[in-house]
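Participant: Bring the two chains, given one by one in their own frames, into a single complex with the hints.
The chain contents come next:
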Amino acid sequence: MAGPTISRLTRTRTRAAWLFLAPMLVALALVAAWPLGRTVWFAFTDANLSDMGAAGFVGLANFEYLLTDPDWWRSVWNTLFFALVSVSIETVLGLAIALALNVHLPGRGLLRTAVLIPWAIPTIVSAQMWAWMLNDVYGVLNELLILLGIIDQGIAWTANPDTAIWAVIMVDVWKTTPFMALLLLAGLQMLPTECYEAAKVDGVHPVEVFWKVTLPLLMPALLVAVIFRLLDALRIFDAIYVLTGNNQATMSMSVYARQQLVDFQDVGFGSAASTLLFLTIALFTAVYLTLARIGSGQAEERP
Amino acid sequence: MSRRTRRRLGRVGFYLLMALIVLYAVFPFYWAIVSSFKPGSEMFRIDFFPPPNLANYYAVFAEQPFGRNILNSLIVASAVVVLSLALGLLAAFALGRIRFRGRSLLLFTILGVSMFPQVAVLSGMFELVRALGLYNRLPSLVLSYLIFTLPFTVWVLTTFIRALPKELEEAAIVDGAKPFTIVTRVFLPLLGPALITTGLLAFIAAWNEFLFALTFTLSGEQRTVPVAIALISGASAYELPWGNIMAASVVVTVPLIVLVLIFQRRIVSGLTAGAVKG
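Chains as they are written, first to last, in my numbering: chain P, 1 to 303; chain L, 304 to 581.
Hints are computed from structural coordinates only; laboratory data are not their basis. Please read all numbers here as calculations on a predicted model, not as lab measurements. C-beta atoms are modelled at their ideal positions from N, C-alpha and C, and glycine is treated no differently. Keep in mind that a hint or two might mislead.
[Stated by the list, open to error] Just a few of them, taken from the derived set where beta-carbon distance is under 7 Å, the chain L residues facing chain P:
1) Ala328
2) Ala335
3) Ile336
4) Ala423
5) Glu430
6) Ala434
7) Asn511
8) Ile560
9) Val561
Chain L on its own, in the form it takes in the complex (with noise of 0.2 Å):
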């Protein structure tokens, strides 16, 4: 009985703890939903459930070109996906399934690139960012974002391609099939789910970097979504107009969200392959 008692008791606190945990994950996003919908000076008060209204939201598109740097932020994204998911679905293949001499070196280096801070080429990427002509325009954020996302591209889709059975290749070989047409008709069938869960973790890497865009771009219009978000400024420095930058924040990241909703079982297996099997 008391045994009983007990056990009931751990899993009433185990079930209160899950509850605190979830309740601190949410609720800064939460709060800034709630923020997001309270015009003016409403704001100011602490109230948990206002009525929702939208000012904020008319302000935030109104007051910036933020349509404009949604779209610059989904071209640049897009971009960086296919590029990183072409060139490496092609490294990939003879990573994981081709045995030459330095292979594991190069590997390993590759994950050593995907390790760079960022800063540590930031001077040397503005000069040939400048040197390309490409200051101030969003070409130049897909070129820098290539750094970490094609590594971890190669990286997890190397880890993906290992783990499909040897016999399919073999029957193709066997059968006179080119390298390359291997690539094309065997493997990329198989890797749809692969190259979906790589491609959605580049795109939110490349969505929600800010570092390159903040010094690459240089007007209002050019600007990626986190930097116009970081930069938005009130009347003066101590007026920061709260409500368009909870508005802003939440148009741009309820995508994400339902994305990741939408996906989770597949970003879990992927982002646990980019970093636990070594």
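Bound-form chain P, shown alone (with noise of 0.2 Å):
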């Protein structure tokens, strides 16, 4: 007698989920799988800016260009090098943030707030802040390595392209290592308390803990947020643009697209570059929701 009003009832439920699911996935088709659908389109079409749809189609012409062009292939270093330089020191940085602030000290919440402020600030904001640091001629950075006798003359951090991307680098640590920091705190936070515990109870020296069984237990959490900042850093275009505009040496993927689409006019070719990228961060993604799924995975099978 429980069988079929069990199954009615899951009936009425399925039906609801999908009535319930259904204006938040055709708000998601229209503004993200038809946008997506259109940009790959575009990348083997002549489209103009000025009269998208009088787009011909070309081929692959628009990516065989695209893989000949130098600065594309410059862009591409950048991205990759900005992505890896700065989240790996966010990653050193923020881990021993979050080992701070898991120590039961006084002064702990006032550590947690003051690395909030930057990840709060708009990246426009930070980047122009940091530019008015990095000034060449009146900034402080420069007037403080004057004063400490390290430099003899400012340097024009922004403007000279050996140090523009460490300038791009220094803006993106400063303001995303407080994430990095929460998300492996959050991490730490769910190790198992045993383990310390028995480490504690055998003498063990703290740094051999750290190695042996923190930073093992803590791999998983690690992972995903390295992951979940390199995705966001790979797509990086406000600093960049802020700091240094649409200069050859610092630009990134995300710049050198936009700059052929709505600078140049060349829809095509902008699309071209934009579905490289895209191509290029689904890749890294698949990556992520896998570890994700083997995360969630195991987290169901807990009791």
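Facilitator: Encoded structure:
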């Protein structure tokens, strides 16, 4: 007697589920799936911004040209270099801050509040703040370095191709390390306490505890956080646009694609660049989702 | 004794490190505030405690429609939050509470969308915005921002909704309540804190967005705050009005920092729900 009732209830609920999902799915189809599909289509055309409807199919011409453009390869290199370096620094620094926040000492709250400030500031604003601090003539950083006797005259941080990418990295590290620290802190707080108690009883040195207990246990959370940040870093646009504009030396893939698309009005070519960036990130996303899925599988198996 | 000294030294070192981190985190913002208080040529003197002078603040509102820009950002971010929460809550109920085929795949597809690089949809979105007649109008931003706020909202609310006890809903089902009633009467009141957290994070994301705002608006009147601040320019490219830029930066950042200080615990829980608990 209970059988049919339950299955009817299940049916009603399944129907309700799709009904509830419908508005969200329609919205995502409109703002994500459709524009993405159109962008991929434009990548195979000679579409122009002033009249996007008059696009003609040109096959792989855009991609062929893109792969021979040294500026494109420069932007690919810049993006990868920026992503790997900044995420590495953020991981090490974030882990240090997370460990500090995890110690039960007075002043912890202040530290947490302080590190949240860079996170909340809009990227554009932090880029402008750093651009001012890094100003070649009046910047406080040059002033301090001269005062300390490290350099004799101001460095043009954002204008010099060798230092410009490091200026971008500096801004990104400042802005996103807190996020990393908070993710890792959440990971630390979920670690089982038994291992630590056992290590304490055995009198293991704290440094050894870190390498042999904390780090291996934290690895899943660490990996997810790193990939999450890496995906974000690969699409960098704001900070580079503000700090160095459309300068070839520091251009990222996103900046390159937008410049082609909007400034040069070449929608076909710009879309080809966007599509390649999308594929790069899709690859990383696939890795991330696999990891997250394994993680959630484990979480559901836990009693 | 030596052990105690060592421990003390360790503690001092620890606090020094913490002080250094705090200084590193706070100094750029402090420097922006200090700089925004320096009028004219004072700007170019290194002075850590200048007397507050509001000339730059007057200038930033007088020389461009900055008040209008703030209003634009508020309108866009609020609309995006309301839309994302409404659509997200319904979807999260379905994803978090009802078992159906394809649920897991759907959830991960949504997470995948939140990883989209915005530039990957730029040309398609440009076409859409133009076709709908929204170019250089605020609704274009409300529409396009859903691509990053909606997946995130759905994901975080699903995490929160899953954590609520099953019995709540079972009682309502036994009483014969319809699914929509369950959402509005049972879950909505309980999800207040989760909605505040998620809404706040979506608000900050929309408030800070730059690429779409830069591309889909043209006139100064339609710009949002980040675009206005990025495009503040002086008499020549070599004479940026740094005082104005810093004043504008402080104006838009202070409310965000106040929000973060008030809601810091919630923000931390929301951020980690969005990322770690895969």
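Participant: So, for every hint listed, does it hold in this structure?
Facilitator: For each hint, the structure was consulted:
no.	hint	result
1	Ala328	5 Å, holds
2	Ala335	5 Å, holds
3	Ile336	10 Å, violated
4	Ala423	4 Å, holds
5	Glu430	5 Å, holds
6	Ala434	9 Å, violated
7	Asn511	4 Å, holds
8	Ile560	6 Å, holds
9	Val561	10 Å, violated
This entry does not satisfy hints 3, 6, 9, going by the numbered hints stated previously.
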